[in-house]
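Given the coordinates of chain S, work out where chain D should sit on it, guided by the hints.
First to last, the sequence lines map onto chains S and D.
Residues in the first sequence are numbered consecutively from 1, following the working numbering.
Residues in the second sequence are numbered consecutively from 1, following the working numbering.
Everything labelled a hint here was simulated from the structure, so no lab data went into it.
There may be inaccurate statements among the hints.
[Unchecked claim] Straight-line C-alpha distance at most 25 angstroms; calculated DSS-like pairs for lysine-lysine:
(1) S:80 to S:208
(2) D:108 to S:26
(3) S:235 to D:220
(4) D:246 to D:108
(5) D:18 to S:121
(6) S:26 to D:246
(7) D:246 to D:77
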Amino acid sequence: MASAVAQTKNDQPHQARNWAVLSPSKFLAYLMVALGAIVFFLPVLYMLSSSLKQSNDIFKIPFQWIPSPFVPENYTDAMKIAPFGRYFLNSLIVGVCTTLLNVFFAALTGYGFAKYSFWGKNFLFIAILSTLMIPFQAIMVPLFIIVRGFGWLNTYLGLVIPWAISAFGVFLMRQFILSIPNELLDAARIDGDSEFGIFWHVILPLSKPPLVTLAIFTFLDSWNNLLWPLIIITKPEMRTVSLGLTEFQTLHGTAYNLLMAGSTIATIPILISFIFLQRYFIRGVVLSGLKG
Amino acid sequence: MTITTAALKKKGLNIYTKQRLWGFSFVLPAFIFFAIFAFYPMISAFFISFTDYNLMNDPKYVGLENYARMLSDARFKIMINNTLGFVMGSTIPTILLSLGLALVLQRKFIGRDLVRTLYFLPIVFSGVVVSIVWRLLYHPFGLINTLLSPIIQDSPRWITSGDTAPWALIILNVWQSVGFYMVIFIAGLQNIPDDFYDAARVDGANPTQSFWYITLPLLKPTTLLVVVISIINFFQTFTYQYVMTKGGPSDATNVISLYIYLNAFQYQYMGYASAMSIIMFIFIMILTLIQFWFVRTEDITYV
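Bound-form chain D, shown alone:
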């Protein structure tokens, strides 16, 4: 290292220039990495989206044809509907459940840590594993129908019927996601200063009033953040559908990510797949910008 310093000194670089060079050289590898594995692919995807391309032939420029095709592709509409259905169907129960759990589980009681752990546990399982396990749970003679049989006469067909399969996937998704958002809500609750509750109590507020006038309003940024994150995450759902239902029965659970994958790597329509992925990128980008904005407002402390 002293050699480098001496070499730099010989070149007449002062200490500040040296520091700048060091700092720059520390961030340079990462920048090169992202240039190769993020920016270039993003630009490339944009160009491919205007071509007809498969791995056997060179790309052929087709203008906006791939984008026009989305409008006329009935399957694409189904994918959009299914994806939005999955996102909305999952987001609402996930948020209500995780908020409810956070409110109860932030209080101390015997066995609380164990209960928290049990709700959190599904997160660490891979999407593949839970899809395989839940496929068995949803089997016509699986555990769920066995447990339901005394209550319900006609056992639901779950993932084998187009009517119930989307719900089956939503239930699985909610089961696996709740713990994650619960933890974020608990952190949000802990960020509310105790002084607020103390002041309210001095003013004669009861716990219910504290909840409505302190907890809920101050939890609003967290809630908005959770809504945006969950939409971003759920919109990209792939593994459950790929492993559990393969998008079936007859596209009932097919979603945009899976459809992009199928077009790119099974049907060899890479241009069309890229066009769809650009639309997806725009959608996610808008949501992420909203998220960044929330995070920034989140940083403002209440005290």
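Looking at chain S on its own, in the form it has when it is part of the complex:
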């Protein structure tokens, strides 16, 4: 698995020779793929464009990609109708907390499984791994009952804690930490580092690449999650962006320009992080191919 990750960055030298023989059919294939990419991008452009239009310009024929008049007020209007700022803040708090917990516990648990031997280790590892087989829908009713029992309905705790550790993250980190040489740990031990100190000073810094990938995907999942907030959040001020947007659509389903503005707001942080961290996004997909 680690090798698959390492290799995504490299390009295959054997492909280079295909350059010389660009037949018409190949050229056609490239052209179609490139045109397809533009078609794939149109919905995103459509969202942006419609978010800046007057509501009756959205269905205007012929269709205008560049809004005229330009109505950036849609964004402030949308914010007036629904507290997107608050939703945004909620999602951010939930996303950041979930991500930090996941990163810490995935690394710690992965470290325990990779570098120590203790009684019942394999059993515990397989038990944790087996939770990957549980679809969320299968446990959402009892999970709701548990969270209600803890008094966590309509709270950040309720939104964060059930997602604090992912079996996939544990698996990912165990695989990675296995490849860290034991000599490094022993050296730290000789220097008088405690076992947790080794985790903190040696393992965590070395595990940065997979942790960044895990962090991105955890944040993305948290930010985009709809079903769980839908179940446990009833107070408007506790809504996440996904839930807030869904409720907004239920109430103002035909205010398309405002809906598009809200959708754009909901997408901005993800889009910005994607632009800067694209490499990690793609690496994460390759890894999560193992997750499903």
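Structure of chain D alone, referenced to chain S:
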């Protein structure tokens, strides 16, 4: 930390026992977490599935009634049909498209990275956002019908008609999923060692032969893996249906996840919802076991 060490030494624990305790204590929080938030709920769901339960009253044991009800529930059959239709309708085009794209996009050409990015981009959008945007795209006077109007006389009604709505959701799903599987295919292609192609070329094979006799057979594990993952993912589809169509018109796009949600949290049939979720769990479990098995075979390198 030295205090702990000293304390342990006093108790007479040797270094190996200490190490074991450390290792155990590192994995213990996670195990407790999964016990509370995964194992217990799973067992609990199993028990609830044999009861009549809503949040107002205590659960009442009803035996296999909830399971029997699935067999007689005409709506449940519709959900199963719709879900399987969505899964099959999405999986086949998604895989063909993502494989085709991977084959083209693994080669170097000007602007390749941009093209890859554009195909990948839909993944990062939330299901809610794309559902809202595509609802507008599918509007009777939306962009899609505007673009189609010169070609097609009768504009499709997309999500407002029971005949076209399932396809509308499949198209949306394929659009959002292709980039994901494309990346997995590209990684699979890059795992095939160059030596194989070099050897084939020395033996006089042309690119087409290389493709049929090297690329495709060696891509088989990746393809099987992608098929299983996509089935698992698509089977659990919820957000598009909830946000875009609410399962309508008249259940035409209602799927099993949405039906479980509705039964549990709208109709208050938590027992029935749990019974359905147990069936869903068994289905996903079998698929995941197949996936684990593929991953294991995947790990074998070709060299």
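Hint check:
1. S:80 to S:208: violated, 41 angstroms
2. D:108 to S:26: holds, 12 angstroms
3. S:235 to D:220: violated, 49 angstroms
4. D:246 to D:108: At roughly 43 angstroms apart (the allowed maximum being 25 angstroms), residue 108 (chain D) and residue 246 (chain D) break the hint.
5. D:18 to S:121: holds, 15 angstroms
6. S:26 to D:246: violated, 43 angstroms
7. D:246 to D:77: holds, 18 angstroms
In this structure, the earlier hints numbered 1, 3, 4 and 6 are contradicted, and the remaining ones agree with it.
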